[in-house]
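S.K.: Work out the full structure: start from the sequences and follow the hints.
First residue of the sequence shown? That's 55 in the working numbering, and the numbers climb one at a time after it.
Quick caveat, the hints were computed from the structure, so don't treat them as lab data. Treat the hints with care, as some may be off.
Mimicking EDC-like on lysine to aspartate or glutamate, the simulated pairs with C-alpha atoms at most 16 Å apart in a straight line are [as the list claims (entries may be wrong)]:
1) Lys382 with Glu238
2) Lys118 with Glu88
3) Lys217 with Glu238
4) Lys217 with Asp200
5) Lys321 with Glu309
6) Lys221 with Asp210
7) Lys221 with Asp234
8) Lys221 with Asp200
9) Lys217 with Glu239
10) Lys321 with Glu280
11) Lys118 with Asp85
12) Lys382 with Asp361
13) Lys217 with Asp234
FRET-style restraints, in silico, Cβ to Cβ [stated by the list, open to error]:
14) Gln328 with Ser91: 56 to 62 Å
15) Gln140 with Asn197: 18 to 24 Å
16) Lys382 with Glu346: 21 to 27 Å
17) Asp318 with Gln203: 46 to 52 Å
18) Lys321 with Gly353: 18 to 24 Å
19) Asn137 with Pro311: 24 to 30 Å
20) Asn201 with Thr181: 40 to 46 Å
21) Glu239 with Ser315: 55 to 61 Å
22) Gln171 with Val301: 47 to 53 Å
23) Pro282 with Asp150: 46 to 52 Å
Quick caveat: nothing in here was measured; it's all calculated off a predicted structure. Even for Gly, the Cβ is constructed at its ideal location relative to N, Cα and C.
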Amino acid sequence: MNRLMQLFLVALSVFVFVLPSAVSARPVFSDLTEESSHYDSIMTLYHDGIINGYPTGDGTRVFKPTQSVSREHAAVMFASLLNLPQPDSQATYYPDIPEDYRYVTAIHQVTEAGIFQGDPNGFNPLTALTREQMASVLVRAFNLTDNQQPTVAHLDNVSSSHKEAVKRLFQHDLTNQVNDFRPEEPVTRAQFASFLVRANNQLEDVLTVEEEVLTLVNQIRQDVGEAPLQLDQSLNEIALLKSEDMVALDYFSHESPTYGSPFDMLKQFGVTYQRAGENIAYGYRTPEAVVEGWRQSEGHYLNMIGDYTHMGIGLSNEGYYWTQLFIKR
55 MNRLMQLFLV ALSVFVFVLP SAVSARPVFS DLTEESSHYD SIMTLYHDGI
105 INGYPTGDGT RVFKPTQSVS REHAAVMFAS LLNLPQPDSQ ATYYPDIPED
155 YRYVTAIHQV TEAGIFQGDP NGFNPLTALT REQMASVLVR AFNLTDNQQP
205 TVAHLDNVSS SHKEAVKRLF QHDLTNQVND FRPEEPVTRA QFASFLVRAN
255 NQLEDVLTVE EEVLTLVNQI RQDVGEAPLQ LDQSLNEIAL LKSEDMVALD
305 YFSHESPTYG SPFDMLKQFG VTYQRAGENI AYGYRTPEAV VEGWRQSEGH
355 YLNMIGDYTH MGIGLSNEGY YWTQLFIKR
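M.R.: Right, here's the structure in full:
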């Protein structure tokens with residue numbers, strides 16, 4: 055079976071210094087106050103180890119909130135926040151990113167994840183990210199779909215290649231600048247922090263991974279007249295064991311060194327069935343992406359629309375290894 059693949063993103067980090075109680079606590083960043091509209095987002099990323107700021111040489115650190123965020127720093131934050139898998143070490147994507155470049159790993163991670171789509175002439179790592187470019191990478195990174203919500207936002211000054219992405223930011227309430235999104239302006243580091251946190255929070259408010267995959271698979275089954283599958287918790291647990299086993303033993307195969315074939319594994323855990331099937335995938339970051347990958351592959355697609363009654367999903371905690379189990383009872 056061929057690997058199904060896609061992915062991407064990055065981060066910064068800092069340290070809280072607390073002075074004796076008789077003195078006010080020193081701020082993490084000397085150029086950032088609690089009155090800043092982006093303060094909470096910046097501190098969220100700091101406490102999560104995504105941002106670190108810049109040392110000043112006098113024992114303090116600065117965040118440089120009004121400075122434009124560069125493409126390379128955006129890549130680093132995406133890679134860290136999304137815990138993207140390590141890239142293919144042999145890959146060379148951009149002529150201006152040599153193998154020893156300081157952020158080469160993060161840049162390759164976001165490229166393999168499909169978040170950044172660099173120019174063939176180079177990644178342009180030091181170039182400032184514009185607000186409309188930011189919209190496109192946020193949409194790709196967090197899979198912000200068109201939710202059909204109407205918007206009154208003014209989009210006439212947004213370039214055609216980014217207009218759909220900017221529209222989706224409004225649909226998902228990630229911005230309220232309806233009169234003028236200022237698409238060609240560079241996005242500041244503080245603004246980018248807030249956009250990242252808002253988008254990431256949306257991921258935490260949605261259905262579980264298992265529920266999302268089930269919904270997507272049942273939509274596919276409905277389109278071809280098949281009855282919906284039921285989610286089975288025991289199958290979820292077995293599928294997770296298989297995904298974690300692939301991570302732990304560094305393999306990608308239906309045949310597990312630990313559990314044997316999927317059929318052996320189901321019997322080992324006491325699951326009875328009339329027929330069974332398994333799909334696996336690697337690298338996809340979202341339920342939408344992995345289900346679409348399976349849908350585009352004939353064998354995996356036939357499993358998803360097959361004569362089954364129950365399904366289980368397991369996504370590893372590391373590396374984005376997916377296992378999808380089907381049974382007919």
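S.K.: Between Lys382 and Glu238, is the straight-line Cα distance small enough, at 16 Å or below?
M.R.: violated (54 Å)
S.K.: Check the hint pairing Lys217 with Glu239 against an upper bound of 16 Å on the C-alpha distance.
M.R.: Answer holds: Lys217 to Glu239 is near 15 Å, not above 16 Å.
S.K.: Tell me if the beta carbons of Gln328 and Ser91 are separated by a distance inside 56 to 62 Å.
M.R.: holds (59 Å)
S.K.: Taking 16 Å as the top limit, are the C-alpha atoms of Lys321 and Glu280 close enough?
M.R.: violated (26 Å)
S.K.: Taking 47 to 53 Å as the stated bounds, is the beta-carbon spacing between Gln171 and Val301 within them?
M.R.: violated (28 Å)
S.K.: Can you let me know if the beta-carbon spacing of Asn137 and Pro311 is within 24 to 30 Å?
M.R.: About 25 Å separates the Cβ atoms of Asn137 and Pro311, which means 24 to 30 Å holds.
S.K.: Has the hinted range 40 to 46 Å been met by the Cβ atoms of Asn201 and Thr181?
M.R.: About 31 Å separates the Cβ atoms of Asn201 and Thr181, which means 40 to 46 Å is violated.
S.K.: When you check the alpha-carbon spacing of Lys221 and Asp210, does it fall within 16 Å?
M.R.: With a Cα-Cα distance of about 11 Å, the restraint between Lys221 and Asp210 holds, given a limit of 16 Å.
S.K.: Do the Cβ positions of Asp318 and Gln203 conform to the proposed distance bound of 46 to 52 Å?
M.R.: Hint holds: Cβ distance 47 Å, inside 46 to 52 Å.
S.K.: Mind checking the alpha carbons of Lys217 and Glu238 for me, to see if they're no more than 16 Å apart?
M.R.: holds (12 Å)
S.K.: Lys382 and Asp361: Cα distance at most 16 Å?
M.R.: The hint holds at about 7 Å.
S.K.: Given the hint that Lys118 pairs with Asp85, does the C-alpha gap stay at or below 16 Å?
M.R.: holds (7 Å)
Hints 1, 10, 20 and 22 from the earlier list are contradicted by this structure; the remaining hints agree with it.
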